[in-house]
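Peer 1: Sequence:
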Amino acid sequence: MNNFLEALSNIPNHCHIHVQEYLEKLSEDGAKDSLKHNILLQLLLSNNNTEHSKIYQFIVENLHHKLNIHLLEIFIFNLVQEENISAATTLLHILLDKVPDFKLSNELWSYYLSKTCELGHYLGSCLVYHEIIDNHQVRSEEFSGINFQNSHIPFLVANSFLETLGLIYLNNRDPERIKGLLNYLKRFYSYSGHADTYKSLKCSLVEAYSNDGNLGEALKHFRSLAFIFKGHKNHSKNDNISTPKMSAFNHFRWRRDNIKNNNYDAVSRIPDEIKTPLDIQEEASSKEMNMKLFRPDEERNVYTYPGHSYTPVVEGSLRICDLPYFRSLIKSNINHLMKNSGPERLDSLMDYITGCHFMLHTFINSCLCELGYINEAYLLLVKLPKTYHKVYANVLIREEDFIYLFKACTHRLKNLAIDNDYMQANEAERTYQLIHEIKLFQDNVNKKANLNIYSMKLHEVFITALLSYRGITLEKLLVYLDDLLRLSTPNNPITIFLDETEFNKLKILCSAANESKYSQLVRMRD
Numbered sequence: 114m115n116n117f118l119e120a121l122s123n124i125p126n127h128c129h130i131h132v133q134e135y136l137e138k139l140s141e142d143g144a145k146d147s148l149k150h151n152i153l154l155q156l157l158l159s160n161n162n163t164e165h166s167k168i169y170q171f172i173v174e175n176l177h178h179k180l181n182i183h184l185l186e187i188f189i190f191n192l193v194q195e196e197n198i199s200a201a202t203t204l205l206h207i208l209l210d211k212v213p214d215f216k217l218s219n220e221l222w223s224y225y226l227s228k229t230c231e232l233g234h235y236l237g238s239c240l241v242y243h244e245i246i247d248n249h250q251v252r253s254e255e256f257s258g259i260n261f262q263n264s265h266i267p268f269l270v271a272n273s274f275l276e277t278l279g280l281i282y283l284n285n286r287d288p289e290r291i292k293g294l295l296n297y298l299k300r301f302y303s304y305s306g307h308a309d310t311y312k313s314l315k316c317s318l319v320e321a322y323s324n325d326g327n328l329g330e331a332l333k334h335f336r337s338l339a340f341i342f343k344g345h346k347n348h349s350k351n352d353n354i355s356t357p358k359m360s361a362f363n364h365f366r367w368r369r370d371n372i373k374n375n376n377y378d379a380v381s382r383i384p385d386e387i388k389t390p391l392d393i394q395e396e397a398s399s400k401e402m403n404m405k406l407f408r409p410d411e412e413r414n415v416y417t418y419p420g421h422s423y424t425p426v427v428e429g430s431l432r433i434c435d436l437p438y439f440r441s442l443i444k445s446n447i448n449h450l451m452k453n454s455g456p457e458r459l460d461s462l463m464d465y466i467t468g469c470h471f472m473l474h475t476f477i478n479s480c481l482c483e484l485g486y487i488n489e490a491y492l493l494l495v496k497l498p499k500t501y502h503k504v505y506a507n508v509l510i511r512e513e514d515f516i517y518l519f520k521a522c523t524h525r526l527k528n529l530a531i532d533n534d535y536m537q538a539n540e541a542e543r544t545y546q547l548i549h550e551i552k553l554f555q556d557n558v559n560k561k562a563n564l565n566i567y568s569m570k571l572h573e574v575f576i577t578a579l580l581s582y583r584g585i586t587l588e589k590l591l592v593y594l595d596d597l598l599r600l601s602t603p604n605n606p607i608t609i610f611l612d613e614t615e616f617n618k619l620k621i622l623c624s625a626a627n628e629s630k631y632s633q634l635v636r637m638r639d
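Residue numbers are given in the working numbering: position 77 of the sequence shown equals residue 190, and the series is strictly consecutive.
Be careful, since some hints might not be right.
Heads up, simulated BS3-like pairs for lysine-lysine below, C-alpha to C-alpha not over 27 angstroms straight-line [what the hints assert, rightly or not]:
#1 Lys333 to Lys452
#2 Lys400 to Lys373
#3 Lys405 to Lys373
Here are the in silico distance ranges between beta carbons for each label pair [said to hold, decoys possible]:
#4 Gly233 to Phe301: 18 to 28 angstroms
#5 Phe215 to Ser399: 40 to 50 angstroms
#6 Gly329 to Asp460: 13 to 23 angstroms
#7 Asp460 to Ser264: 25 to 35 angstroms
It is worth saying that the hints were derived from the structure and are not from the lab. Ideal Cβ positions, reconstructed from N, Cα and C, are used throughout, including at glycine.
Throw the hints in and build the complete structure from the sequences for me.
Peer 2: Set out below in structure tokens:
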């Protein structure tokens, strides 16, 4: 029939009316009736002037006539090609529900998935999830034994599409489907080999809960996310589990011994709500005979095992820009806490950190600085090494923590009206002293970590903060500028860039002799 219908598509448009007149004269025989409606559908599809809404209506009204699946796919392809994902999605829902033998080809599923991700279509992504990622028909069937996995996998979804689907679910506050994507990734991909995708989905899960305002779940999954980064763990040359491969091998030996001894943990036990009569009977018999049931359990992407520390698989460290919704949620809660709590509020913030992960302090620190609580942010940083004394200084406290503090000091100094207000003049003096305290603490942290090299960004924000103070003198600046000159070499020159206001102020402070000395060190930002 497909060849016949394809031949009909080549009939000129002006001849379509004659074909339709002939079809109306056909008897009401079932087979002929089905053929007639397929021919009509082919004519509609081959006519470039036919509106898609008319074809859509024809298909929905004539599903009982066994319309040709090839023709249906052509129309779905046309809808997707024109980026009408909503119409394609609703039609697919109807066809999958009403036509028993309808099955979309893998090629068209792939094209539909690609366009859905490209356009960020939420309803389309939900259909993909329940048909391709975690098939709803398999989920609606009764599970047996220990097999809880979806067995309907028509083709493997690329990891880049998994990342995009995660972002779509994030923006629509749908964390449960992101969890499904993580299960899919765990089953078919390697965390170590696809670390970027693993990080992206874990971040999306935290962001989805944050976007929904669920602080408890957001903190819970933030803790899980923080543990996957290599930059959040002390590095030791003599670590027994220094690579994921070694961890995987040791875990293999642990599982092998469990199989030999028929040991299994609570993960392998069947939840009561899905137990079958056979499961209940087997458990009763095993208790009666005082025997253990053999229930082999398979789990992928396990990089740790009981009695040993975790093995992170993602390079680098978590950044504030990775979790904008999470930071916004933290900021709103901190704002409420700082306005409605007394002296114990700093302890409350420390409780948040110790109950989650030390990397949470980076988000809290940035929010405190943005809200103007600079002293509290500084005191929080000072408390951290005492609480996490086993964590290396350079792992615990980051350069960006100091950048936020210096920027906050700069913002405060620029907004103080010290000429007409004695109180604000005192505030400016205290802020200037705070800048020096922060710098001393930063030097102490780097000394403990055996670090003596800072980024140019940190030098820039520090010098900018000093220049923002109205009472700054050249002598106080030269201490730091001369240190930078000593660090600068012909092969590795140091150059810091300042905004026009700060650059001109430094130029005024410098004498003619000093100006030439520091001209290569300090320049104005374009």
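Peer 1: All hints are to be evaluated individually against the structure, with a verdict given for each.
Peer 2: Structure-based check of each hint:
Restraint check for Lys333 and Lys452: the C-alpha separation of about 25 angstroms stays at or below 27 angstroms, so the hint holds. Between Lys400 and Lys373, the direct Cα distance comes to roughly 21 angstroms. Compliance with the 27 angstroms bound is thereby established for this hinted pair. At most 27 angstroms may separate the alpha-carbon atoms for a hinted pair to count; Lys405 and Lys373 meet this at roughly 13 angstroms. In this structure the hint that Gly233 and Phe301 lie 18 to 28 angstroms apart at CB holds, the actual value being about 23 angstroms.
The supplied range of 40 to 50 angstroms is met by Phe215 and Ser399, whose beta-carbon atoms lie about 45 angstroms from each other. Here the CB-CB span from Gly329 to Asp460 is close to 20 angstroms, well matched to the stated 13 to 23 angstroms. Between Asp460 and Ser264 the beta carbons are some 52 angstroms apart, a value that contradicts the proposed interval 25 to 35 angstroms.
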